[in-house]
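Trainee: The lines below spell out each chain.
There are 2 protein chains.
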Amino acid sequence: MNFTVTPLGSGAAAPALGRHCSGQLVNIGGCRLLIDCGEGTQEQLRRYHQRMQAIEAIFISHLHGDHVFGLPGLLSSMHLFGRKEPLDVFSPPGLADAVRLFFAASATTLQYELRMHEVDTEAEQTVFENAKCRVRTFPLYHSVPTVGYVVSESDPQPGLRVGVREQFGLAADQIESIKRGADYTDSQGTVHPNAELLAPPRKAKSYAYCCDTAYNEAIARAAAGADLICVESTFANGMEQLAAELRHCTAAQAATIAAEADAKQLMLTHFSARYKSLDELLQQAQTLFPNTLLAEEGKTVAV
Amino acid sequence: MNFTVTPLGSGAAAPALGRHCSGQLVNIGGCRLLIDCGEGTQEQLRRYHQRMQAIEAIFISHLHGDHVFGLPGLLSSMHLFGRKEPLDVFSPPGLADAVRLFFAASATTLQYELRMHEVDTEAEQTVFENAKCRVRTFPLYHSVPTVGYVVSESDPQPGLRVGVREQFGLAADQIESIKRGADYTDSQGTVHPNAELLAPPRKAKSYAYCCDTAYNEAIARAAAGADLICVESTFANGMEQLAAELRHCTAAQAATIAAEADAKQLMLTHFSARYKSLDELLQQAQTLFPNTLLAEEGKTVAV
Chain A
-2 MNFTVTPLGS GAAAPALGRH CSGQLVNIGG CRLLIDCGEG TQEQLRRYHQ RMQAIEAIFI
58 SHLHGDHVFG LPGLLSSMHL FGRKEPLDVF SPPGLADAVR LFFAASATTL QYELRMHEVD
118 TEAEQTVFEN AKCRVRTFPL YHSVPTVGYV VSESDPQPGL RVGVREQFGL AADQIESIKR
178 GADYTDSQGT VHPNAELLAP PRKAKSYAYC CDTAYNEAIA RAAAGADLIC VESTFANGME
238 QLAAELRHCT AAQAATIAAE ADAKQLMLTH FSARYKSLDE LLQQAQTLFP NTLLAEEGKT
298 VAV
Chain B
-2 MNFTVTPLGS GAAAPALGRH CSGQLVNIGG CRLLIDCGEG TQEQLRRYHQ RMQAIEAIFI
58 SHLHGDHVFG LPGLLSSMHL FGRKEPLDVF SPPGLADAVR LFFAASATTL QYELRMHEVD
118 TEAEQTVFEN AKCRVRTFPL YHSVPTVGYV VSESDPQPGL RVGVREQFGL AADQIESIKR
178 GADYTDSQGT VHPNAELLAP PRKAKSYAYC CDTAYNEAIA RAAAGADLIC VESTFANGME
238 QLAAELRHCT AAQAATIAAE ADAKQLMLTH FSARYKSLDE LLQQAQTLFP NTLLAEEGKT
298 VAV
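Chain order of the listed sequences is A and B. If you read the first sequence in this note's numbering, its first letter stands for residue -2, the second for the next number, and so on. If you read the second sequence in this note's numbering, its first letter stands for residue -2, the second for the next number, and so on.
Misleading hints may appear alongside valid ones.
Since copy identity is lost for identical chains, a pair holds within one copy or between any two.
No more than 30 Å apart at the CA atoms, straight line, and that leaves these computed lysine-lysine pairs for DSSO-like [as the list claims (entries may be wrong)]:
id: 1; residue 1: K273; residue 2: K296
id: 2; residue 1: K202; residue 2: K176
id: 3; residue 1: K273; residue 2: K81
id: 4; residue 1: K129; residue 2: K202
id: 5; residue 1: K202; residue 2: K261
id: 6; residue 1: K176; residue 2: K200
id: 7; residue 1: K129; residue 2: K273
These are computed hints drawn from the structure, not numbers from a lab.
All chains, please: the whole structure from these sequences, using the hints.
Mentor: Set out below in structure tokens:
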């Protein structure tokens, strides 16, 4: 299954140095999810040829402006450009009233159903699920209530063990029956138990988004085994004290989380405007977790 | 006195075709005023090298998203980048609560004083005045309560008539005294009345911003004599019916307003995304009002 992440914004706090506010488009088997929606996200979607109307749900990590001030505009443009499909928006508590007041002030009645959901910021929770994916929250450690999101494939369908189809000359309906759990009785009357026919399903792939947050060892447990983990790296090494005060991570802390989570690949994002070049942050993370890349706006990464 | 307007956004409804949401920076003798603040305005300010912290006050025409969704982000960035000076924001009623809820949701306490003012949308009103300029509102005719803004120079200081200084050999303190209204008694004891010494003050220059609005003849009266008038031209000619339904102007209607106001120059803005090229709108307006130009983002126009 196609499973990709396209960063739309990689900057911290405010647009600067050509980097935009936080936003990422996740495409999992054609199901498109938006994570965070800083100011300018609708324009970034357009710039990178991502159709806003194809977005099925939006997930907000926390209510700092650089993660959410693009939401009213995106919701409004979806309306203006004719959206009819309902839209689910998940966020920590407090967003719905502000958004609704903005729309009330401009006498805007959305022509689609906007379903705002408050997520629990203290406990893990599966908040979204369809045939292609599920999305689970977990607590992060920032200056306001914040959650991370794990997007995983829905349980991959088991397939026949290699050679089974040919061995018994199975027809399509027989294969479907076995995939649904049935045993198979061959022409000699021998019953072959389902477990001998089906291969164990492969592990569902997952993407973990951890932004914004200070370092905390619990993050690795929540994101364990992620094929791709995105951890904020607002600061370079040497800025640990400011990072702790502002509840952000350094590059080394991001790499430590990725290593502890036993993730396959790490993507850094949410870079402070003090860093014109990001080479330093990349190198510092790679020292601890070699398979690290920088979030580049518009550059799609496979999970 | 330097008096210019820099369009930051010239599109209608949503960013498209490289055109951004509404916003204009007015610079009048170094006093910088922002009119409207659609999503992306803070980034447009940066793109065109206009310091956000130099803005002394913000004027919102109406609460449709494309004129106001950039405000929380701009206010937030002013805070993050260290603003200490108070900021006045003028708008039709209903904006303050939505902005405050957004900041409350993110536990943001601005480190400068934000003074939100509600303007009367039914009557003309002088809302802002300092040594350099004054700003007056007037009603517009849109689908929600909307005001236009006239920015004018404060009353220009009168100067001495040509030759008076040399004729009497006036010192600086004598000139100041005459400018404050005193007569002058020469060495022979002859009294020269003030009116014979001072030239009549020149007319204060003014800029009128009319966006969004349907055509209404009252607009020309409110903006009468503007050196530059900016009128929205969402649609080309032939779209009068849709323009009337949506309470917008066509190019010809914009030109009619400029002509009726006896303005010196017309700037068109707020172009529908249906027009990739704007030549048609410009030509249609110029047929009725030759001294017309299109708002071009980042291109500063002298008033």
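Trainee: Confirm or reject each hint.
Mentor: Hint-by-hint comparison with the structure:
With identical chains, the CA atoms of K273 and K296 are at most 30 Å apart both within one copy (19 Å) and between copies (27 Å). For a Cα distance limit of 30 Å, the shortest separation of K202 from K176 inside one copy, 20 Å, qualifies, whereas the shortest one across copies, 80 Å, does not. In this assembly of identical chains, the alpha carbons of K273 and K81 lie at most 30 Å apart only when taken from different copies (26 Å versus 42 Å within one copy). Proximity of K129 to K202 under the C-alpha cut-off of 30 Å is restricted to the intra-copy arrangement: shortest distance 11 Å within a copy versus 63 Å between copies.
In this assembly of identical chains, the alpha carbons of K202 and K261 lie at most 30 Å apart only when taken from the same copy (11 Å versus 65 Å across copies). Taking identical chains as interchangeable, the C-alpha atoms of K176 and K200 lie at most 30 Å apart only when both belong to the same chain, with a minimum of 17 Å there against 86 Å between chains. In the homo-oligomer, the alpha carbons of K129 and K273 never lie at most 30 Å apart, since the shortest distance is 38 Å inside one protomer and 38 Å across protomers.
In this structure, the one hint that does not hold is number 7.
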